[in-house]
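> Residue-level listing of the chains:
There are 2 protein chains.
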Amino acid sequence: MNTKMPLLKVVNELSKLPGIGEKTATRLAFHILKSPQVYAHALSEAIRELKEKIKLCSVCFDLTERDLCGICADLRRSKATVCVVEEPQDLLAVEKTRVYDGQYHILHGTLSPICGIGPDQLKIRELIERLRDSAVHEIILATNPTVEGEATALYLIKLLRPFPLKLTRIAHGVPTGGDLEYIDAVTIGNAIKNRVTI
Amino acid sequence: MNTKMPLLKVVNELSKLPGIGEKTATRLAFHILKSPQVYAHALSEAIRELKEKIKLCSVCFDLTERDLCGICADLRRSKATVCVVEEPQDLLAVEKTRVYDGQYHILHGTLSPICGIGPDQLKIRELIERLRDSAVHEIILATNPTVEGEATALYLIKLLRPFPLKLTRIAHGVPTGGDLEYIDAVTIGNAIKNRVTI
Numbered sequence: 705m706n707t708k709m710p711l712l713k714v715v716n717e718l719s720k721l722p723g724i725g726e727k728t729a730t731r732l733a734f735h736i737l738k739s740p741q742v743y744a745h746a747l748s749e750a751i752r753e754l755k756e757k758i759k760l761c762s763v764c765f766d767l768t769e770r771d772l773c774g775i776c777a778d779l780r781r782s783k784a785t786v787c788v789v790e791e792p793q794d795l796l797a798v799e800k801t802r803v804y805d806g807q808y809h810i811l812h813g814t815l816s817p818i819c820g821i822g823p824d825q826l827k828i829r830e831l832i833e834r835l836r837d838s839a840v841h842e843i844i845l846a847t848n849p850t851v852e853g854e855a856t857a858l859y860l861i862k863l864l865r866p867f868p869l870k871l872t873r874i875a876h877g878v879p880t881g882g883d884l885e886y887i888d889a890v891t892i893g894n895a896i897k898n899r900v901t902i
Numbered sequence: 705m706n707t708k709m710p711l712l713k714v715v716n717e718l719s720k721l722p723g724i725g726e727k728t729a730t731r732l733a734f735h736i737l738k739s740p741q742v743y744a745h746a747l748s749e750a751i752r753e754l755k756e757k758i759k760l761c762s763v764c765f766d767l768t769e770r771d772l773c774g775i776c777a778d779l780r781r782s783k784a785t786v787c788v789v790e791e792p793q794d795l796l797a798v799e800k801t802r803v804y805d806g807q808y809h810i811l812h813g814t815l816s817p818i819c820g821i822g823p824d825q826l827k828i829r830e831l832i833e834r835l836r837d838s839a840v841h842e843i844i845l846a847t848n849p850t851v852e853g854e855a856t857a858l859y860l861i862k863l864l865r866p867f868p869l870k871l872t873r874i875a876h877g878v879p880t881g882g883d884l885e886y887i888d889a890v891t892i893g894n895a896i897k898n899r900v901t902i
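From first to last, the protein sequence lines are chains A and B. Per the working numbering, residue 705 is the first one in the first sequence, and the count goes up by one each step. Per the working numbering, residue 705 is the first one in the second sequence, and the count goes up by one each step.
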C-alpha cells in the first residue's frame, strides 16, 4: 500500500476540505490522476500561489495581490460611501449586483462571544481609523441577516453614531423571486415592518 | 477583479473536477485561503507529486511509485491466481476485503465499441503475455457487473479458454448495475469467496 503514498496523500489532503469526504476525495484524486499532466500542474500551482500571492488590502482588507486592492485603487469609484461586509465573499456578492460603486470595508468575521471573537479580532478599529480623515459620508452596514451579523451591525451602529455620518443598513425583506408561502415568518414580518410607501 | 487572479485561478481549476461547480469551487478556494499556509502547501505538493511520481506497474499495471508495485513485489502473496479488474480503484476495493492474497491485472477500462475502446486499448495483450510462462493456475474475472464489464468478461473468457487454466468469475452476489469502487467490503468479499467455475 505504501507504494501508493502520493495517491493517499492527495486523498488525505482533499478530505480536509469542507464537504469532501474520503470517497469524494478518492474520486477526485483518481480524476486528477487520469487527467493530463498539465491539469494537475495548473491546479497545484494555482493552490500554491493562492496563499503565497494573496494578501489583504491595506485600506479595505479585501483580498488582493498588491498593497491596494483594485476597488480602492479605482479612482472612478465614489469615495463617499463605505459598504461594511463580513467576508470577501460578501463583497463579491455585492459587486455582482452592479448596483454599488462605492468603497468597501471587510470585517473578516462577526462578533461571536461564544467563539471568543470580540471587536479586537475584527477589522473594526481599522474602520474607525479610516473614517477619521476621509471623504466618507455614508456607511452601509451589509453584514449578513443572521444573529451574529445583526449583533455586529448593532455594535457598529453604537460605535459609529458619534461620527457625522449617514448610517444605513441593507433592507430586510422578501427575496426577489421568492414565494410568500415558503418564506419564513420572521422574514415576512420584517418585510411588513419595513414596508415602503409607493 | 484582476487583482484577485490567484483566487479565480484556483476556482477555475477546481471547478474542472467532477461534481464541483463554481459555487463549491469558490467555497473550497476561500477555505484554502483561510487555512494555514502549511495546508495549502501540502495540498499543492500532493497534487504535483501525484502525476509526477505515480506510474504503472510493469507486471499488473496497478499504480505504483516504483517499477514493480507492492503487490507484485510481495513474495508472500500467491502467484497462482490473477484477479482481473477494470481500474486501480477496483483493486483497492478487493484488497479492502482481505479475502484475496493473489495477484492482480488491471485492464484500465472495459470494451466499449461505442466509445471506440477495443481490446487493443486495454491491457489484454499484456495479460496474455503474462500467462505464457507463469505459475498462474486461475484467472478470476472481477470486472464490474455492468454491461461493459460483463462484455469484457465474456471477451476474456473466449480469449482465455485455450489456456490450461481455471477460469472463474466473481459471484453475482454483487448488485447488478453497481460499481466495485462503491460496494461495501463484505459484499465484495462474499462475491470472491462464492466465485463459480465457468
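In case anyone wonders, no lab produced these hints; they're calculated from the structure. It should be emphasised that the depicted structure is a prediction, and the values quoted were computed from it without experimental measurement. Check the hints yourself; a few may be wrong.
Just so you know, same-sequence chains aren't split out, so a pair can sit in one copy or run between any two.
Simulated pairs of lysine-lysine, BS3-like, Cα-Cα distance not exceeding 27 Å [stated by the list, open to error]: (1) Lys757 x Lys713; (2) Lys897 x Lys713; (3) Lys800 x Lys783; (4) Lys720 x Lys738.
> Of the hints given before, which are not true for this structure?
2
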